[in-house]
Structures are given as C-alpha cells and as structure tokens.
Amino acid sequence: MAKRSIETLVGLFVLLGLAALVFVALKAANLASFSGGDSYALTARFDNIGGLKARAPVRSAGVVVGRVTSIAFDPKTFQGVVTMDVQRANLFPKDSSAKILTAGLLGDQYVGLEAGGEIDNLAPGATIKLTQSAVVLENLIGQFLFNKAADAGTGAEPAKKP
Amino acid sequence: MTWLTDLLAQLGARTLTVTRGWGHAAIFFFDLLRALPASLRRFGLVITQIHAIGNRSLLIILASGLAVGFVLALQMYYALVTYGAAESLGLIVNLSLVRELGPVVTALLFAGRAGTSLTAEIGLMKAGEQIAAMELMAIDPRVRVLAPRFIGGIVSLPLLTILFSAVGILGAWVVAVGLIGIDAGNFWSIQQNGVDVWRDVGNGVVKSVVFGVICTAVALYQGYETEATPEGVAYATTRTVVTSSLAVLGMDFVLTALMFSAPR
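Quick mapping for you: the protein sequence lines, in order, are chains A and B.
Throughout the first sequence, residue numbering follows this note's numbering, covering 1 to 162 in sequence.
Throughout the second sequence, residue numbering follows this note's numbering, covering 163 to 426 in sequence.
FYI, nobody ran anything at the bench for these hints, they're computed from the structure.
Check the hints yourself; a few may be wrong.
[Claimed, not checked] Derived CB-CB ranges, DEER-like:
1) Val22/A <-> Leu221/B: 20 to 26 Å
2) Val135/A <-> Phe415/B: 33 to 39 Å
3) Asn355/B <-> Leu140/A: 24 to 30 Å
4) Thr8/A <-> Arg176/B: 51 to 57 Å
5) Ile222/B <-> Leu140/A: 41 to 47 Å
6) Val22/A <-> Asn355/B: 16 to 22 Å
7) Leu140/A <-> Gln237/B: 49 to 55 Å
8) Thr177/B <-> Leu15/A: 46 to 52 Å
9) Arg55/A <-> Gly340/B: 46 to 52 Å
10) Glu249/B <-> Glu118/A: 38 to 44 Å
11) Tyr240/B <-> Leu140/A: 31 to 37 Å
[Said to hold, decoys possible] Covered by chain B, according to a simulated footprint, are these stretches of chain A (three or more residues, beta-carbon under 8 Å):
12) 4-10
13) 13-21
Computed from a prediction, not measured in an experiment: that's the story for all the values here.
Glycine is no exception: its CB is placed at the ideal position from the N, C-alpha and C atoms.
Produce the complete structure using the sequences and hints provided.
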C-alpha cells in the first residue's frame, strides 16, 4: 500500500515537472510562435549589416515572415551575406528588395522585405538583388555635421567680404 | 641536504595522493555507470529514490524559486524604470532564471538538501557494515544501493530546476502584473520574443542534467568512501556540500562559456 502511494507521488512529481517545462516553453518562450516549419532560404548581400544578428526576424509589411539564419562575410566583394529562412507560404516577386531596418529608435534590427511587381517569384536559394544597408548612426551624424559645416562655410563668406 | 630530499619526498607523496584520489574517483564513477543498466531492471528501487530525493526536496525548491522570482522582479524594476524599460522585466527575470539562476541555485540547494542525506545514509550504512554484509551475500552494493540513487538524482534535479524556473517566473508575474501594474500581455509577449526554446530553455535543461550527475556522483562517492566512524560521516557530509557546490559553480562557468559565447 505504501509502495503504491509512493509511486503515485513520484508520478505526480514527474508530471508537475513536465507541466513546468511545457509552461516555460509555451508561455514564457517562443515555441508557440514561428519555429522552423516549412520554409525556404533566401540570401541578400548588404554593404553594411549594422547590428543585425542571426535569428533576427524577417518582416514584410511589419509581419514576421521568417528569420535570419546566418550572417557571413564575403572576402571577394567585401559585403555581408545574410541568409534567411522564409515561410513556404510567403513567396516574393523576383524584384523584391531587402532593407535592414530598426524596430523603434534604438530597438533591434531586422530585415524588411518589400514586394516588387514581377510575376515570377524568388526561387528557394535565390539572392535578392536590390538591397539597402543598415543606417549607421555615426555615418548619419558625420553627414549631418559635414552638411552643417558646408552651409556655415557658404553662409560665412558674404559676411567676410566687406 | 636531507631537508631538500625530505621536501622532494613530501612533494612527491602529496602529488601521488592527489593523483590517486582522482583516479579512485574516476574508477568509482565508471563502476557506477556500469551498474546503471542492472539497476534499471529493478525500477521500483529507482522510484523510491526519486521520491526520497525529488519529492522531498520539492517544498524548499518551490519556496526558493518563488522568493527569487519576487526579489529579482522587484530589484530589476527599480533599475529598469529609470530607462523606461519596465516592460522587459519579465524577459530579464526569465532569462536569468532559465539560463543561470535556475540550474545553479537549484543544484546548490539540491547539494544541501539531498546530497547530504545521500552521503549520511550511505556513510551510516558503511559504518553499520551493511555494505560489507551485502558484499558477503554476493549482492553488488553499487547495483543495489548506489545506482538507484544516482538515477534518482539525475532524474530529479532537471525536474526540480524547471519547476524552480517556472515558479520564479510566476513569482515575477505576481510582482510585475499584480504589484507594479505592468501590462500582462506585454509581460508575456516580450518574453516570447526574447527567449528561445532550444538556446535558452534547452541549454538550461542540459546544464541541470550535468549538475545532477555532478551533485549525485559527489554525494555517493563521499558516502561510499567515508571513514566508518561518526566523525568520518560528519566530515564526508561537509565535504559533499563543499565539493559539489564548487564543482557546480566551476562547471557552470565552463558550460556558459560553451553555450552562450557564440554571437547571437
């Protein structure tokens, strides 16, 4: 009799542990959302990938349609090669473009796919031709300062003349 | 010149002792592994041990998990609210629990709660010459006594760890949503975006399995090799806690470096 009750208690303990695992996996982690599934690969080359990381979302019209699987450096063209997995259901036209965008002002970076107008779709493993690199804050500030200085230079000249 | 040779002799003797100790422990560990299949055939013994090791540790693990979740959520809130990022409270508590605190704190509590009782039990069995009696009756004490406890520990610790993490996250939920008033939808969705099942939760489970092997093996070794006196058992029990705690902390660093050093 005591043996039976011990077995019940152990069974309860194991079930409790498994329930906790399911809770953590489903409610507190991303198993329920996009997890692999049926997908195909696309690559895109960027001059600068900024802070993009593997597993970053791939969005089209703001909706997550895939994930970045790997990021590599091409020593021949000196570009960043981004490989991503896109859900099989979402096919994109051949002239679609890829951009590296930022969620919010300081958020994580993601790949934005913008659909083009061609009839043929990108085949699995195809490379997206039209790309736009990440905006690097330092370059932006540098450009801004340079323009400011150029404006100041042209503005200052008439004042010096008399 | 004799002092020099004495010094050398002492150094050599000490090196030999330490090396022999490691070798002894390694042979013990492999004997233990060899005894596992035979003990699986008597699964009732394993069930009894899971009850003694796992079920009986449940209360302290759940209470600690809840307390850690509460405190982490409260403390993180004060830091995060300064940066207007209070919504990520759940994510921070979740990641720190699932990756680090859950496996490590549970293993430390486990060493204190279950490891000591294993060592004391087997040490007293040895002191009472029960182990010698088994050997006389041609019963392998490794199969009958050690292996069921080893399996029990390896099964129990991962279950306790995931319970610890789950209860901690629930504790953080109580504080964040109930006390502070963070939106419940955001609390969960930020976690679902930031926590990866395989990379974070899976690696935490792998860690807890490794810690289960370490804690249980150390406890069994200390108990089995104890000096068969009351002082010997007391000393072995202390050493169980110290050795398994240090081994867990050291191993945690190695595992973290292996698992999480690759760029995300």
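Hint check:
no. : hint                              : result
1   : Val22/A <-> Leu221/B: 20 to 26 Å  : 22 Å, holds
2   : Val135/A <-> Phe415/B: 33 to 39 Å : 38 Å, holds
3   : Asn355/B <-> Leu140/A: 24 to 30 Å : 27 Å, holds
4   : Thr8/A <-> Arg176/B: 51 to 57 Å   : 52 Å, holds
5   : Ile222/B <-> Leu140/A: 41 to 47 Å : 54 Å, violated
6   : Val22/A <-> Asn355/B: 16 to 22 Å  : 19 Å, holds
7   : Leu140/A <-> Gln237/B: 49 to 55 Å : 36 Å, violated
8   : Thr177/B <-> Leu15/A: 46 to 52 Å  : 50 Å, holds
9   : Arg55/A <-> Gly340/B: 46 to 52 Å  : 32 Å, violated
10  : Glu249/B <-> Glu118/A: 38 to 44 Å : 41 Å, holds
11  : Tyr240/B <-> Leu140/A: 31 to 37 Å : 34 Å, holds
12  : 4-10                              : holds (count 4)
13  : 13-21                             : holds (count 7)
Checked against the numbered hints given earlier, this structure breaks hints 5, 7, 9; the rest are met.
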